[in-house]
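A.B. asks: Residues per chain are reported as follows:
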Amino acid sequence: MGGAPLFRFVLQRALKMVVMVFAIITANFLLVHAAPGDPASVMAGEAGAADPQFMAQLRAQFGLDKPLSTQLWLYLGHVAQGDLGMSYRQQRPVAGLIMERLSATLILTGSAFVIAIFGGIALGALAARKVGRFSETLITILALGLYATPIFWVGLMLVLIFSVWLDWLPSFGMNTVGADLTGFAAAVDTLHYLLLPALTLGLFYMAVYARLTRAAMLEVASQDFVRTARAKGVPEGRVQRHHILRNALLPVITVAGIQAGQLIGGSILVETVFAWPGIGRLAFDALLARDYQILLGVFLVTSVLVLVFNLITDLLYAWIDPRVEVM
Amino acid sequence: MNRFAGEFAATFLRNKGAVAGLGVLVLVGVVAATASLLFPFSPWDMRGMPFAHPGEADMLLGGDSLGRDVAAGIAYGARVSLLIGAVSTLAAVLIGISLGAIAGYAGGSVDDAIMRFTEFFQTVPSFLLAVVLVAIFSPSIASIVAAIAIVSWPPVARVIRAEFLSLRSREFVHAAEVLGRSRAAIIFREILPNALSPIIVLASLMVASAILLESGLSFLGLGDPNLMSWGFMIGAGRSVIRIAWWMSVFPGLAIFLTVLALNLVGEGLSDALNPRLARQR
Amino acid sequence: MSLLAVRDLTIALPKGADRAHAVEAMSFGLEAGEILCIVGESGSGKSVSTGAIVGLLPSALAVTAGSIVFEDRNLLGLSAAEMRLLRGNRIGMIFQEPMTALNPLMRVGDQIAEALKVHGAADSEGRVRELVEAVHLPDPDRIVHSYPHLLSGGQRQRVMIAMALALEPSLLIADEPTTALDVTTQMQILGLIKEIQSRRGMGVLFITHDFGVVAEIADRVVVMQHGRIVESGSAEQVLNQPQHAYTRALIAAVPHRARAIEPPASGRPVLELVSVRKSYLRRGGLFSPHVRVPAVQDADIELRQGETLGLVGESGSGKSTLARCIVNLAKPEEGAIRFHDTDLRRLARRHWKPFRKRIQMVFQDPFASLNPRRRVGEIIAEGPMAHGTPRAVAESKARELLSLVQLDPSAAGRFPHEFSGGQRQRIGIARALAMEPELLIADEPVSALDVSVQAQILTLLEELRQRLGLTMLFITHDLRVAAQVCGRVAVMQRGIIVEQGQTSEVFSNPKHPYTQSLLDSIPGRHWLPPVTR
Chain A
1 MGGAPLFRFV LQRALKMVVM VFAIITANFL LVHAAPGDPA SVMAGEAGAA
51 DPQFMAQLRA QFGLDKPLST QLWLYLGHVA QGDLGMSYRQ QRPVAGLIME
101 RLSATLILTG SAFVIAIFGG IALGALAARK VGRFSETLIT ILALGLYATP
151 IFWVGLMLVL IFSVWLDWLP SFGMNTVGAD LTGFAAAVDT LHYLLLPALT
201 LGLFYMAVYA RLTRAAMLEV ASQDFVRTAR AKGVPEGRVQ RHHILRNALL
251 PVITVAGIQA GQLIGGSILV ETVFAWPGIG RLAFDALLAR DYQILLGVFL
301 VTSVLVLVFN LITDLLYAWI DPRVEVM
Chain B
1 MNRFAGEFAA TFLRNKGAVA GLGVLVLVGV VAATASLLFP FSPWDMRGMP
51 FAHPGEADML LGGDSLGRDV AAGIAYGARV SLLIGAVSTL AAVLIGISLG
101 AIAGYAGGSV DDAIMRFTEF FQTVPSFLLA VVLVAIFSPS IASIVAAIAI
151 VSWPPVARVI RAEFLSLRSR EFVHAAEVLG RSRAAIIFRE ILPNALSPII
201 VLASLMVASA ILLESGLSFL GLGDPNLMSW GFMIGAGRSV IRIAWWMSVF
251 PGLAIFLTVL ALNLVGEGLS DALNPRLARQ R
Chain C
1 MSLLAVRDLT IALPKGADRA HAVEAMSFGL EAGEILCIVG ESGSGKSVST
51 GAIVGLLPSA LAVTAGSIVF EDRNLLGLSA AEMRLLRGNR IGMIFQEPMT
101 ALNPLMRVGD QIAEALKVHG AADSEGRVRE LVEAVHLPDP DRIVHSYPHL
151 LSGGQRQRVM IAMALALEPS LLIADEPTTA LDVTTQMQIL GLIKEIQSRR
201 GMGVLFITHD FGVVAEIADR VVVMQHGRIV ESGSAEQVLN QPQHAYTRAL
251 IAAVPHRARA IEPPASGRPV LELVSVRKSY LRRGGLFSPH VRVPAVQDAD
301 IELRQGETLG LVGESGSGKS TLARCIVNLA KPEEGAIRFH DTDLRRLARR
351 HWKPFRKRIQ MVFQDPFASL NPRRRVGEII AEGPMAHGTP RAVAESKARE
401 LLSLVQLDPS AAGRFPHEFS GGQRQRIGIA RALAMEPELL IADEPVSALD
451 VSVQAQILTL LEELRQRLGL TMLFITHDLR VAAQVCGRVA VMQRGIIVEQ
501 GQTSEVFSNP KHPYTQSLLD SIPGRHWLPP VTR
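Chains as they are written, first to last, in this note's numbering: chain A, 1 to 327; chain B, 1 to 281; chain C, 1 to 533.
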């Protein structure tokens with residue numbers, strides 16, 4: 001795939017992304033206005049609604065006495081400038097609050113994704129190779145079980161086992177409070193705290209990818225070109241890796257893209273259980289305080305993250321599959 | 001039709017997992033239906049000492065931080081889960097079938113528009129959207145059911161649309177056109193009955209994810225405040241997990257078993273519906 | 001010493017299959033330098049036997065008896081590792097479906113090189129190029145660097161042949177390699193196989209269901225039915241003096257009786273197509289234009305009362321599109337489609353209803369043309385009911401029609417999946433006839449059927465046509481079928497009708513080079529099947 005078509009492809013997808021972001025922002029806007037009650041009190045949140053000065057400021061800022069379309073325009077303008085509103089409770093701009101915690105969430109979801117993808121594909125491929133044998137049944141049952149468990153409960157059970165009963169790992173936070181660690185030591189410390197939450201989030205999706213990989217490999221294994229490869233005398237190992245697995249990965253990549261949104265959304269539950277200082281935790285606290293500006297801000301940011309991730313998976317897919325017309 | 005039903009049942013019953021799943025579901029259903037007989041009091045009532053261990057004070061699965069019976073909570077919670085799961089899935093399926101059928105049959109720009117709309121809902125993180133919706137419209141059983149339905153319909157629409165697109169160019173549909181049958185007859189009597197079988201499987205899986213969604217929402221405190229639900233119980237037990245592990249473990253097991261059962265039944269349905277298709281070739 | 005000697009090969013089917021063995025007591029031999037054709041219909045076991053030879057049987061099937069001796073070794077006694085060393089090395093194999101036979105994610109050159117590499121042979125670029133040239137692929141450099149989806153079916157099949165022959169095996173097994181290809185491409189591939197075979201002195205085991213192909217390339221023939229060999233001998237013997245009843249029936253089923261020359265039909269035309277044009281829009285993305293792909297260009301056709309016009313062409317010729325335009329399943333952009341005096345192209349959907357009764361269609365795929373969830377009786381009765389016939393009347397009519405197409409009337413209560421392909425096609429014909437049409441369009445009605453069943457359906461159609469006074473438009477890619485069934489024929493190539501006229505005239509004196517090449521591509525065209533009682 002050459003340079004020019006690639007550029008066009010990226011440009012095309014980027015344009016689609018922009019349109020989607022617009023749609024999400026508009027949806028945010030509509031939600032605020034669709035909620036019961038005065039939009040200003042919705043935006044101000046529980047605490048802010050008590051302060052008449054703040055309310056007046058909000059009304060002026062968002063032009064709440066002007067027609068709907070002008071309001072939407074104003075709102076879009078704010079967002080374009082990075083202004084996601086103000087949290088009354090925390091007395092700080094929402095955008096700032098989110099940016100502070102974004103990296104923590106990215107570390108968590110990133111590690112969970114890595115666990116899920118590599119673990120899932122490995123287990124799924126193994127299960128496909130050993131269909132009918134005990135190991136395959138075991139993997140299938142394990143995947144089915146993990147897939148049926150609520151993420152937050154898995155988290156709590158892991159805390160119960162590894163933190164309460166065995167006391168091997170910490171159960172909340174991101175690093176040891178008070179210990180001023182830097183560099184490598186700090187990283188190792190964070191890793192301690194990262195293990196359980198990443199495992200919690202990752203195990204569920206590992207089950208998803210394992211089932212998917214297994215099904216995809218079984219499907220691909222029955223296709224004609226696999227028979228051709230065997231008829232050429234290709235050794236079985238190479239048939240599995242080079243012919244079957246590579247083709248089976250295509251649907252896995254597609255689903256990974258689709259599931260990305262759910263993975264990031266699931267982080268709110270995991271961050272709540274483990275008190276992980278990311279935007280999910282921020283959203284949970286905002287929920288309790290009825291601070292809707294933050295909630296909507298987190299919603300917007302996570303949607304944009306999903307869009308970016310989708311773009312990456314689309315590119316990956318197009319890179320691997322030569323049949324995709326990049327034109 | 002009887003022959004189909006017979007063969008379908010036979011294939012389904014051969015699948016041990018599916019049968020086990022069905023058994024568990026029946027059990028859960030029975031517990032939900034007879035909750036007020038088994039526990040003739042409100043699950044919110046204080047029945048013993050706070051943090052009673054399982055087996056103490058007449059409470060089989062222990063008591064929570066306010067002395068409420070965990071077992072009773074699970075029994076009444078079964079009602080909430082099954083009800084919300086079924087109703088929200090039904091709503092999502094209806095929305096999905098309508099939009100998917102229109103998109104698949106009409107094609108062209110109508111199809112495009114509906115597909116963009118569907119993509120939007122599939123892009124935004126669905127759990128977060130549900131959280132936002134329930135938060136903004138105040139938690140109640142209605143808003144929860146609506147929120148779950150709103151985030152769950154896209155896969156249904158996609159599947160129905162794909163089925164319609166493929167069936168539309170199937171020769172028996174062409175034959176119906178050439179015979180001069182009306183559009184409505186073609187959609188409802190030729191295409192739709194053939195498009196529905198993947199939906200049956202999808203629906204059972206959707207009830208499972210609806211239950212997971214609902215438990216997530218109530219875990220975060222967004223459940224209907226008048227209803228004792230499994231997610232809420234786990235949420236209540238979170239901060240005291242060190243001293244009362246049973247508050248979190250048992251409701252979680254209930255969710256696990258129910259969702260697992262639904263998944264097994266869904267897979268059994270899928271296998272039972274497909275051999276017939278395979279035999280047609 | 002034979003190259004390959006198969007003795008008493010017996011392969012068991014799993015429990016519950018419609019017979020105990022896929023292949024029973026099969027014995028045959030193949031010498032170096034000769035082409036042996038294994039002929040049979042679907043389910044005869046012909047493909048299963050070759051799977052056993054290379055050790056690629058599906059796990060559900062097991063060899064229970066017999067021996068397969070290749071170059072002095074019993075293949076059935078070899079380990080999986082030893083078999084692997086033989087595959088692609090001493091025994092090459094090519095399969096039926098070229099479109100799915102190559103890994104879509106690997107370049108063609110890499111796949112050919114793989115055949116060399118896994119056996120330790122030099123996989124240099126030069127060697128790969130040589131192989132590509134040996135199978136007469138144009139522009140070898142481009143092909144080597146292309147991915148499979150950019151190649152046509154015929155090209156992919158040549159790549160398969162190149163891979164199979166990379167290490168110069170002494171045995172080539174070809175499992176219906178040309179069945180999925182166009183007639184003209186089929187001829188080229190058959191020629192290629194013959195050329196390579198004679199050059200290298202290979203033994204070729206060629207599986208087919210088409211006796212024309214047998215006549216074209218076989219030295220010796222083996223005929224299989226229900227897993228057993230019923231006849232074997234030299235090609236000359238089996239083709240011209242078949243002994244076994246089944247062989248005789250198969251050969252008799254090959255359409256060869258030329259239609260008696262009839263006086264051209266007179267009277268006003270029933271159907272007239274004038275300058276019909278239909279193209280499809282291939283949608284581009286944001287940055288590339290939509291492309292108009294013409295499917296039918298300036299089609300002119302005339303069909304008179306009582307005659308059968310054949311529309312002949314290869315895949316992509318536009319013949320099916322044209323048929324769909326006539327019944328309003330596709331809308332042409334230009335031209336006139338006159339049915340008696342009405343221009344059908346200009347009719348709105350709601351005005352079509354009365355014409356639905358007069359123009360009906362029989363479809364190609366017996367498995368997809370009947371709604372799997374409806375009983376047969378309903379399927380046939382639904383047409384007349386949609387036009388106002390009361391249910392009871394329509395249902396009894398359906399039962400009559402079932403007898404007319406030589407099925408038992410009780411079939412009305414059963415579902416399509418309970419019937420065979422040929423029977424379903426009869427149901428499809430009954431459905432079309434329920435409307436009592438004047439014009440019947442048959443879109444490749446026998447292409448998806450076994451040879452013996454084809455003959456029955458063609459005979460049925462001919463009887464019905466005469467009895468009911470139908471006018472027929474018969475679409476097919478098989479020139480032999482057209483010769484037998486159609487009085488007049490129109491040849492289509494890439495959307496254009498290149499020649500039209502009386503069948504006997506067009507086939508004996510073709511004027512257009514494409515028609516000529518189509519006729520030259522009929523496999524075994526020099527063979528005159530013996531007329532048997």
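If you are wondering where the hints come from, they were derived from the structure by calculation, not from laboratory data. We put the beta carbon where it would ideally sit given N, CA and C, even for glycine. One thing to keep in mind: the hints can contain errors.
From the structure, some residues in chain B lie toward chain A, with a derived Cβ separation under 10 Å [what the hints assert, rightly or not]:
| # | residue |
| --- | --- |
| 1 | Leu27 |
| 2 | Val30 |
| 3 | Trp44 |
| 4 | Ala113 |
| 5 | Met115 |
| 6 | Arg116 |
| 7 | Ser138 |
| 8 | Ile141 |
| 9 | Ala208 |
| 10 | Gly216 |
| 11 | Leu222 |
| 12 | Pro251 |
| 13 | Leu253 |
| 14 | Leu257 |
| 15 | Leu262 |
| 16 | Leu264 |
Every beta carbon over 12 Å from chain A, so not counted as near; a handful from chain C, in silico [claimed, not checked]:
| # | residue |
| --- | --- |
| 17 | Asp72 |
| 18 | Arg73 |
| 19 | Ile91 |
| 20 | Thr100 |
| 21 | Arg107 |
| 22 | Gln111 |
| 23 | Tyr147 |
| 24 | His149 |
| 25 | Ala164 |
| 26 | Asp175 |
| 27 | Arg292 |
| 28 | His387 |
| 29 | Ser410 |
| 30 | Ser504 |
| 31 | Ser517 |
A.B. asks: Next step is simple, just say for each hint if it's right about the structure.
C.D. replies: How the hints compare with the structure:
Given the 10 Å rule on beta carbons, the hint for Leu27 (chain B) is violated: about 16 Å separates it from the nearest Cβ of chain A. Below 10 Å, beta-carbon pairs count as interface contacts, and Val30 (chain B) has none with chain A, the closest being about 20 Å; its hint is therefore violated. Below 10 Å, beta-carbon pairs count as interface contacts, and Trp44 (chain B) has none with chain A, the closest being about 21 Å; its hint is therefore violated. Below 10 Å, beta-carbon pairs count as interface contacts, and Ala113 (chain B) has none with chain A, the closest being about 13 Å; its hint is therefore violated.
With 10 Å as the threshold, the beta carbon of Met115 (chain B) stays out of range of chain A, its nearest partner Cβ sitting at about 12 Å, so the hint is violated. The interface hint given for Arg116 (chain B) is met, as the beta carbon of that residue sits about 8 Å from the closest beta carbon of chain A, less than 10 Å. The interface hint given for Ser138 (chain B) is met, as the beta carbon of that residue sits about 7 Å from the closest beta carbon of chain A, less than 10 Å. For Ile141 (chain B), the interface hint is violated, the least distance from its beta-carbon to any beta-carbon of chain A being 16 Å, above 10 Å.
Annotation: Ala208 (chain B) was flagged as interfacial toward chain A, and the flag holds, the nearest CB pair being 7 Å apart, inside 10 Å. Because the closest C-beta pair between Gly216 (chain B) and chain A is about 6 Å apart, less than 10 Å, the hint holds. Contact between Leu222 (chain B) and chain A, as hinted, is supported at the beta carbon level, the nearest pair being about 7 Å apart and thus within 10 Å. At its closest, the beta carbon of Pro251 (chain B) sits 8 Å from a beta carbon of chain A; the interface hint therefore holds under the 10 Å criterion.
The restraint placing Leu253 (chain B) at the interface with chain A holds, with a minimum CB-CB distance near 9 Å, inside the 10 Å limit. Interface restraint check: Leu257 (chain B) against chain A, minimum CB-CB distance 8 Å, threshold 10 Å, status holds. About 8 Å separates the beta-carbon of Leu262 (chain B) from the nearest beta-carbon of chain A, less than 10 Å, and the hint is met. Among the interface hints, the one on Leu264 (chain B) holds; its C-beta lies about 7 Å from the nearest C-beta in chain A, closer than the 10 Å criterion.
Every CB of chain A lies more than 12 Å from the CB of Asp72 (chain C), the least distance being 20 Å, so the non-interface label holds. With a cut of 12 Å on Cβ distances, Arg73 (chain C) stays outside the contact zone with chain A, its closest approach being about 16 Å. Ile91 (chain C), annotated as away from the interface, has a beta carbon of chain A within 12 Å; the closest lies near 9 Å. Distance to chain A contradicts Thr100 (chain C) as a non-interface residue, since its nearest Cβ pair spans about 4 Å, not more than 12 Å.
Distance check on Arg107 (chain C): its Cβ comes as close as 8 Å (rounded) to a Cβ of chain A, failing to clear the 12 Å threshold; non-interface status is violated. Listed as outside the interface, Gln111 (chain C) is inconsistent with that label: its C-beta sits roughly 8 Å from the nearest C-beta of chain A, within the 12 Å cut-off. A Cβ of chain A approaches the Cβ of Tyr147 (chain C) within 12 Å, the least distance being about 4 Å, so the stated non-interface status is violated. Interface exclusion of His149 (chain C) from chain A breaks down, the closest Cβ pair being 5 Å apart, not more than 12 Å.
With a closest Cβ-Cβ approach of about 8 Å to chain A, Ala164 (chain C) is found to fall inside the 12 Å limit, against its non-interface label. Asp175 (chain C), annotated as away from the interface, has a beta carbon of chain A within 12 Å; the closest lies near 10 Å. Arg292 (chain C), annotated as away from the interface, keeps every beta carbon of chain A farther than 12 Å; the closest lies near 17 Å. Every Cβ of chain A is farther than 12 Å from the Cβ of His387 (chain C); the closest lies at roughly 44 Å, confirming the non-interface assignment.
No beta-carbon of chain A is positioned within 12 Å of the beta-carbon of Ser410 (chain C); the least distance is around 38 Å. With a least CB separation of 41 Å from chain A, Ser504 (chain C) remains clear of the 12 Å interface cut-off, as annotated. The claim that Ser517 (chain C) is not at the interface with chain A holds, since no C-beta of that chain comes within 12 Å of its own (minimum 29 Å).
Consistency with the previously given hints fails for numbers 1, 2, 3, 4, 5, 8, 19, 20, 21, 22, 23, 24, 25 and 26, ordered from lowest to highest.
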